[in-house]
Amino acid sequence: MELLLVIIIGLLYASGVYLILRRSMVKLLLGIMLLGNGTNILIFLLGKITKGSPPVINEAYKVFQDIYADPIPQALILTAIVISFALTSFAIVLLKRVYALVDSDDLDDLNTPEEEDL
Amino acid sequence: MIDNHILAPIFVQLFTAIAQLMFWRKTVTQRFLSVGGSIIGLLVAIRLFTRVQADGILTMNAANWDAPFGIVFVADAFSATLVLLTSIAGVAVSLFSSVSLSRQRMLYGYFPIFHFLIMGLQGAFLTGDIFNLYVFFEVIIISSFVLMTLGGRKAQLEGAVKYMAMNILASMFFLTGIGILYGITGTLNMADLALKIQLVQNKTLVGITSCFFIIGFGIKSAVFPLYYWLPSSYHTPPSAVAATFGGLLTKVGIYALIRVLSLIFIPDDFTRTLLMGIAVMTIITGAFGALIKTNVRRLFSYLIVCHIGFMVGGIAMFTKIALMGTVFYLIHDIMVKTNMFLIAGLIRQLRGTLDMGKLGGLYRDYPKISLMIAIVLFSLVGIPPLSGFWPKIFLFQGAFEMHHYFFAAALIIGSFITLYVIAKMWSQVFWKNPPQEDLLDDRFAPMRPYRKLLMVLPILILGVVTLYVGLNAEAIINITDKISSQLMDNSEYIEAVLGDKTN
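Going line by line, the protein sequences match chains A and B. Residues in the first sequence are numbered consecutively from 1, following this note's numbering. Residues in the second sequence are numbered consecutively from 119, following this note's numbering.
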């Protein structure tokens with residue numbers, strides 16, 4: 001399970017970085033999304049995956065007796081997912097507006113020399 | 119000491135923003151709410167600052183969960199000072215934007231978003247939990263995206279794409295760093311991390327993790343190989359927005375860098391050398407970039423980059439004297455850089471352009487305003503005894519103590535080029551006769567007197583604060599001395615957060 005996750009994280013990061021380095025705006029967006037997913041799985045993996053032992057204390061004990069699944073990484077991922085959802089939806093709208101204005105998907109075209117600005 | 123009032127600066131901004139959302143499209147009410155909220159925020163920040171000066175570090179455990187387990191908010195001298203400065207800048211920008219912005223932008227919710235942005239800044243300065251710091255960073259960047267794109271002109275949106283891509287990338291680096299850090303230490307509380315990180319055997323892994331934080335905060339604070347988004351986006355939004363960005367957003371990156379390096383990743387030789395190289399290159403490239411710009415706001419954007427290098431250099435040396443220089447420069451820079459962009463907005467209002475070739479004759483037409491601006495420009499350059507001069511003494515002293523002669527040379531070059539470009543700007547904008555008199559579009563003269571006052575007053579407020587910082591340098595040096603002692607010796611911070619649980 002760990003090895004599988006490690007490979008998935010590597011793939012997501014590598015493809016994310018590759019897509020960000022492309023000149024297309026859509027690929028930039030996809031790259032950001034893949035990187036975000038890679039980061040979330042990384043947090044999940046580094047929180048030490050434990051199967052079938054929820055963080056609930058047995059009535060008889062005062063402290064945890066054995067290894068339990070840490071709920072904090074899941075809380076972190078949940079927060080990160082919500083945040084990246086908001087950022088991504090903003091990015092989609094922004095890139096759509098830019099596409100409508102510039103009429104090009106190429107990031108290198110974003111250099112209008114407009115010195116007069118407010 | 120536990121004190122629930124720490125959260126007041128955050129909540130004042132939050133409630134101001136929510137109240138403004140209730141008055142959607144009523145721009146006059148929103149303006150009054152914005153100025154009122156900012157002033158209350160300032161009073162609360164002053165109160166917090168005096169409390170921290172009197173009682174030492176204050177903490178607050180969210181929902182009363184004890185320190186390493188719950189989210190903790192901490193106000194030490196450093197946080198409280200930055201909260202105070204942010205509040206002062208917030209009042210000035212709020213006043214300025216109430217007259218300088220077009221009604222169209224206000225209708226689309228400029229004011230609520232502005233207050234959410236300030237809330238994010240205050241939260242980032244006050245939190246003691248690294249994941250909470252990430253969340254407040256996201257609050258800052260999502261608000262800044264909206265402010266940057268508000269208005270929807272082509273240049274603005276193009277700048278926003280670069281700004282958005284780089285800032286989201288920075289957050290990814292930061293989040294990846296947090297993930298690894300949690301994996302190797304099992305805690306997110308910064309004070310607890312400071313203790314747990316020392317127990318980690320694998321020092322290489324800690325070093326690599328620290329690189330994620332340095333890259334993430336480096337993008338946000340615009341240091342050498344990572345700053346290119348800044349000059350290509352900061353000249354596009356309205357001046358009031360650019361003032362908030364230029365004065366505060368890059369500085370929160372510096373704050374986070376100092377916080378993380380002083381608590382968690384105490385700089386080793388490699389980090390110091392890396393940061394020193396970054397600092398020297400940032401100063402040089404930023405200064406050279408400023409040399410060739412003919413648009414006032416593009417020039418200021420490059421000066422931001424140049425002066426970020428001064429602060430990073432102080433962090434790289436990581437001695438008490440050097441940190442005093444960095445913190446003092448941070449205080450000076452927040453006030454002056456915010457003011458510089460407000461001045462750019464005023465110049466545009468006076469002349470209808472920001473192109474230095476077309477500008478001119480401001481001193482002839484508006485001598486009083488020009489003299490006020492001159493004081494701010496002198497402070498930026500660092501003419502003694504104004505505020506830009508004192509931190510450089512400490513930075514030089516630190517550089518000579520540590521034998522960083524390259525950094526000292528870069529400091530001299532950076533300061534000299536700043537002087538040169540500002541002198542050039544002064545002669546072009548204020549002294550020279552405008553080349554085509556009839557093309558100038560003075561939108562300032564027909565304004566009503568109270569609107570004129572509201573436009574000049576924020577610049578005056580920030581100018582007076584800058585003068586105070588410069589002329590009453592002894593008080594500021596005392597504060598920076600206290601801050602840098604707390605940064606160099608983090609045991610006070612850790613004890614304040616974790617309390618007597620350690621013994």
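Treat the hints as calculated values from the structure; they're not laboratory data. Just so it is clear, the structure is predicted and the values come from calculations on it, not from any experiment. Do not rely on the hints blindly, as some may be mistaken.
Unchecked claim - Calculated lysine-lysine pairs in the DSS-like style (CA-CA distance at most 25 Å, straight line):
{"#": "1", "chain 1": "B", "residue 1": "K486", "chain 2": "B", "residue 2": "K438"}
{"#": "2", "chain 1": "A", "residue 1": "K27", "chain 2": "B", "residue 2": "K476"}
{"#": "3", "chain 1": "A", "residue 1": "K96", "chain 2": "B", "residue 2": "K280"}
{"#": "4", "chain 1": "B", "residue 1": "K314", "chain 2": "A", "residue 2": "K48"}
{"#": "5", "chain 1": "B", "residue 1": "K550", "chain 2": "B", "residue 2": "K476"}
{"#": "6", "chain 1": "A", "residue 1": "K96", "chain 2": "B", "residue 2": "K272"}
{"#": "7", "chain 1": "B", "residue 1": "K510", "chain 2": "B", "residue 2": "K550"}
Taking the hints in turn, this is what the structure says about them:
Only pairs whose Cα atoms come within 25 Å are accepted, and K486/B paired with K438/B is rejected, the gap being roughly 41 Å. The hinted pair formed by K27/A and K476/B fails the criterion: a straight-line CA distance of about 41 Å is larger than 25 Å. For the given pair, K96/A sits about 14 Å from K280/B by alpha-carbon distance, which is consistent with the 25 Å threshold. A distance of roughly 17 Å separates the Cα atoms of K314/B and K48/A; the hinted pair therefore holds under the 25 Å criterion.
The hinted pair formed by K550/B and K476/B meets the criterion: a straight-line CA distance of about 10 Å does not exceed 25 Å. Between K96/A and K272/B the alpha-carbon distance is near 12 Å, which keeps this suggested pair within the 25 Å criterion. For the given pair, K510/B sits about 31 Å from K550/B by alpha-carbon distance, which is inconsistent with the 25 Å threshold.
Checked against the numbered hints above, the structure violates hints 1, 2, 7; every other hint is satisfied.
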